[in-house]
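K.L.:
Residues per chain are reported as follows:
4 protein chains.
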Amino acid sequence: MPHDEQFASDNYAGICPEAWDFMARANTQDASAYGEDPWTQMAADRLRETFESDCEVFFVFNGTAANSLSLAAMCQSFHSVICHELAHVETDECGGPEYASNGSKLLVGDGPNGKLTPESIERLVTRRTDIHYPKPRVITLTQSTEVGTLYTVEELKAIREVADRYGLRIHMDGARFANAVAALDVSPAEITWKAGVDVLCFSGTKNGLAVGEAILFFNRQLAEDFEWRCKQAGQLASKMRFISAPWCGLLENDAWLKNAQHANACAARLEEGIRQLDGVELCFPRQANAVFVDLPEAVQTELRARGWHFYTFIGGAARFVCSWSSTPERIDELVKDIAAASAA
Amino acid sequence: MPHDEQFASDNYAGICPEAWDFMARANTQDASAYGEDPWTQMAADRLRETFESDCEVFFVFNGTAANSLSLAAMCQSFHSVICHELAHVETDECGGPEYASNGSKLLVGDGPNGKLTPESIERLVTRRTDIHYPKPRVITLTQSTEVGTLYTVEELKAIREVADRYGLRIHMDGARFANAVAALDVSPAEITWKAGVDVLCFSGTKNGLAVGEAILFFNRQLAEDFEWRCKQAGQLASKMRFISAPWCGLLENDAWLKNAQHANACAARLEEGIRQLDGVELCFPRQANAVFVDLPEAVQTELRARGWHFYTFIGGAARFVCSWSSTPERIDELVKDIAAASAA
Amino acid sequence: MPHDEQFASDNYAGICPEAWDFMARANTQDASAYGEDPWTQMAADRLRETFESDCEVFFVFNGTAANSLSLAAMCQSFHSVICHELAHVETDECGGPEYASNGSKLLVGDGPNGKLTPESIERLVTRRTDIHYPKPRVITLTQSTEVGTLYTVEELKAIREVADRYGLRIHMDGARFANAVAALDVSPAEITWKAGVDVLCFSGTKNGLAVGEAILFFNRQLAEDFEWRCKQAGQLASKMRFISAPWCGLLENDAWLKNAQHANACAARLEEGIRQLDGVELCFPRQANAVFVDLPEAVQTELRARGWHFYTFIGGAARFVCSWSSTPERIDELVKDIAAASAA
Amino acid sequence: MPHDEQFASDNYAGICPEAWDFMARANTQDASAYGEDPWTQMAADRLRETFESDCEVFFVFNGTAANSLSLAAMCQSFHSVICHELAHVETDECGGPEYASNGSKLLVGDGPNGKLTPESIERLVTRRTDIHYPKPRVITLTQSTEVGTLYTVEELKAIREVADRYGLRIHMDGARFANAVAALDVSPAEITWKAGVDVLCFSGTKNGLAVGEAILFFNRQLAEDFEWRCKQAGQLASKMRFISAPWCGLLENDAWLKNAQHANACAARLEEGIRQLDGVELCFPRQANAVFVDLPEAVQTELRARGWHFYTFIGGAARFVCSWSSTPERIDELVKDIAAASAA
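Top line first, the protein sequences correspond to chains H, L, Y and W. Sequential numbering of the first sequence, starting at 1, is according to our numbering. Sequential numbering of the second sequence, starting at 1, is according to our numbering. Sequential numbering of the third sequence, starting at 1, is according to our numbering. Sequential numbering of the fourth sequence, starting at 1, is according to our numbering.
Since the hints were made in silico from the structure, they are not lab data. A couple of the hints might just be wrong.
No distinction is drawn between identical chains; accordingly, a pair holds when it is met within one copy or between any pair of copies.
[Said to hold, decoys possible] Here are the simulated SDA-like pairs of lysine to any residue, each with C-alpha atoms no more than 25 Å apart in a straight line:
1) K258 x D92
2) K258 x A24
3) K157 x H132
4) K157 x E119
5) K336 x A305
6) K258 x E333
7) K258 x S32
8) K258 x Q29
9) K258 x T28
10) K336 x S32
11) K258 x A8
12) K336 x T152
13) K336 x Q29
14) K336 x E227
15) K194 x W20
16) K258 x P296
17) K258 x P118
18) K336 x D164
The following block holds chain H by itself, in its conformation from the complex (with noise of 0.2 Å):
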């Protein structure tokens, strides 16, 4: 049975056709090593014309590093960077933010539907200013956040009046930005840097690639020597093109885009089937491309039983995550499981 194991995370997937092909591209001879071939000039080049800014581009291997060295690059040890707390820097990445900035804590604030808000950051930055405690220095936004929600432009410019005032800098997760741009049906600029946004991970691997993820300095000050920081921390691919040619694979053509539409679209389906379901409910707004749904234990055993996976979610939530390989076929069937499930 193909594709038996969707729904538990979009990076189950696999590599889709588009960065495939890329990717055997640039496999028909040898090419310099460390980025200093066409292909990794080519993916930057078209990350800039994509987010039209003159921006500093790197690629590295995954999402851990991507948010724990552009956090490392923009404060030091002693700064705090404050996160919402469920942001995936404070809950799955192992103290990685902390271990790349030699101890920069995470401050964690809260918000409604895993969005920090003004109000949360701006407490956190006030109650304390001895040198006990550490100087915040980094806001992290997730776009679209951990419960699959989205901040819309005006949310992140409120945001980035907050961190005007302090001298914060801004940092955005993007291990779902595609999702996030395909959902907001703004221009990847608009929510970003013309939003305040200094610095982006944008996620590849999420949206298709077998591995890499791209780091955007619109700050570009921030960038400084930092291909030496991605070098030390064992971040700079040798075999760089076969990061960066699928990349150029998603960007030629908004396979990107694509890829992300294609998902939310089958998360909505998955929203509008469960809607029809009696005393099944949704936790947070279906946004982007994940949908949680409050299950009850033994309906989740069940439909674990029935082959299906998902994650359980702090609080018990049964969460499912489509991607660009998910088939409307399968998400009918998952939502007959589920009302199957539940009716028992």
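Following the hints, put chains L, Y and W in place on chain H, whose structure we already have.
P.N.:
For chains L, Y and W alone, kept in the frame of chain H given last:
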């Protein structure tokens, strides 16, 4: 002109067919992330068979990470690591080991042909024992070395004796480990754990992968919780199967060994060609897949003008490295051009 | 007016006479540096006698260093340390533990009166076991706590049981350890190693020294090469005797215990005085040398205007801390002023 | 026999009378912690006067910390620090700088008499510019050097020129800075910021304190948030006044300079005495308070048997260091014993 960049380094080569094939196979359906997939299990098992050892196996993205993280697991920040003055960890990893270990100093030893001698190691251990000097805890050896030479089984055992005398652990940087096995015509077990190696970093990238190194802990105690270390350091691939499945390709039917034998044979052909040339000398014994040639700067410039790629090594020698993708035709052309450039 | 800053913290007090006397004795002639002097030997030996244990003893400069370095010795960067949400390591060391350990995350638990409960610890250990969550390895307890309360021997043993169940080590932040011993009327051994504590940071500074904390490893294995760690971290005093000789002063004739008893008695007197006041409530049981009082902001402002020094704690309470240098006269004056300010 | 350990190092000496006196004064009443006391303000102001500079001033516990933290503030983990092969940071701090900076490599240069030459620095900067080599960012100079010699103002300015050419910052390890000022007979300003030094670590311990080094940032930008760095690294003294008040003692009436002049004069007397001895040679020009003598191992053994303390330096020379507490009588006795032991 295909393959026009060959000889600069074995990481200029692409993905070998066996690896490509398994990557394609792994892409036929979704799979669990973070190594919980059948390919990763299979790759680890095949490595254990290949090394006749129930060792612990981990996969990381690149060689700097493999070296840095495994060394960090073998000592504490206030310990030191003994390496040859030409060792990659000392000269080409931008402080990666010091970063991952949070400060372990590299103590630089020496020995002819890029190989640490037992005497040099002993000297570094015994010259001081006070607490102002970071306590030696690990010896790291590169096999084959940075100048393309080999440690014999006997040499390794002699180093093991010193290690035992002073309570040191032995790490092997196997960026070109396959080439060493092929050249020495020994089993992988014989030149690793049977000769006293505690931990091996076995490079897949230089052998024909897009990305991905295996770390083998023969001393299993040193591997305690190492998966957490990888995760924290941004070295846990979410789509791990795209590293491990290609490894299965390398390991099936000994493709890894054939790739190495081919590269070594190409280097031997190059050596032979050069030996015919009057007044052109090798700098080090050619033992694996690298050939170091004493060429005047003007000759090197001329060769580059003719489109050849190679590194100029410390001291001025030209370094030519062969890979799985090298071809006899190009080697013969290279020899001809060296002859012509040298005669000019 | 002498002592006008007392009550803000016990580190506002000066050097007690016994410590001063030994500092003077140590200054009568030259001595070997870096702890190779007779005073350091004597101080370590007396600590071993006092604790009835052949523990390993090290001296460092301050409490943040003592906590950070000992915690770093008890786990790896990818492990985590369980602490109370009010713990000094979490709230007041500016990321010191994360810095020294290169990234170990603090997991924040809770419990009434500033004390971690076994249940809270167990919850943090069992809620997740995946590699995206830093593996719990250490529990840190503050004795007496940040709110001036005490862990009883029974409470410590109950926590040791949880620790044993999950392979955790126990660290004790003894910034006010002397006050705890004095208040509980137990032997130092009984509330440390006999109750399952592996490592104790015993503060000398808050007890009457100018500078200098002792770290005691009852679990001697954890102390392996710890002297190198101190050296590397800038915590090895060259003129060590000026830390260790004053410690001898504290340990001779139990001056450390008398200092603590005095401070506790002063706090008891303050508590008693406040209990006489209508409408003024304590926030936590007064058990050692700190008194937390629920005073309106206006009252606190008035007290400060009258020249009193104290901290306003999280939540708004006024914290008064007594030390070896506190005097009954000033306490009575303080009570009178609290009465007057509250009545206004 | 008093002072029987003198000559091993200037950190074998005790606390000088002026420092002791101010320590006593600071102990007459309670004072605010963490540097918010009048002594710390006074000490910083007097340092600014002494250096004729509105520099930023911080106090830390010891020299390893002062060097490590200030170097960490001057570069990033992937940068490198150029030092002389005999520099204390390289040979005697157990990886302290690498630890505090989270991995900055020390690049080892050379030059006669323990002094880095501009040529040696330039060679290290220009030999490689690729990202596998940590980018040079700081030069560190020891004044007076580890072999007791001095950088002249002209030599410093020549190094500043190289620094400017390559965008490097200059750090001065002033473990024996006072001795250099005394010996060169220049103002502190002239051999620091006027000669291009960005940051100075000025040792109080070797000059007569129990503990405590001052870090002066003439380049104030480099001091941004440095107080947080000190706090995080466990280098913020709670009872700071017991570091700063003794500094006031050193600075009042130029006690620091007199202490240094005395130590230098003692070393000159020792030099003179030794010059009278046939067949006994100095290893380096005696310029400050240290005398390096080429003595056979047997002679050194004999001297130790007679109760003398001194270090045997790399290469075998005997190192004698004078301090504020050295006495002419003991120097003359030492000379006599060297004569006797050499004649035997």
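K.L.:
Which hint numbers does the structure go against, in order from smallest to largest?
P.N.:
1, 3, 12, 14, 15, 16, 17 and 18
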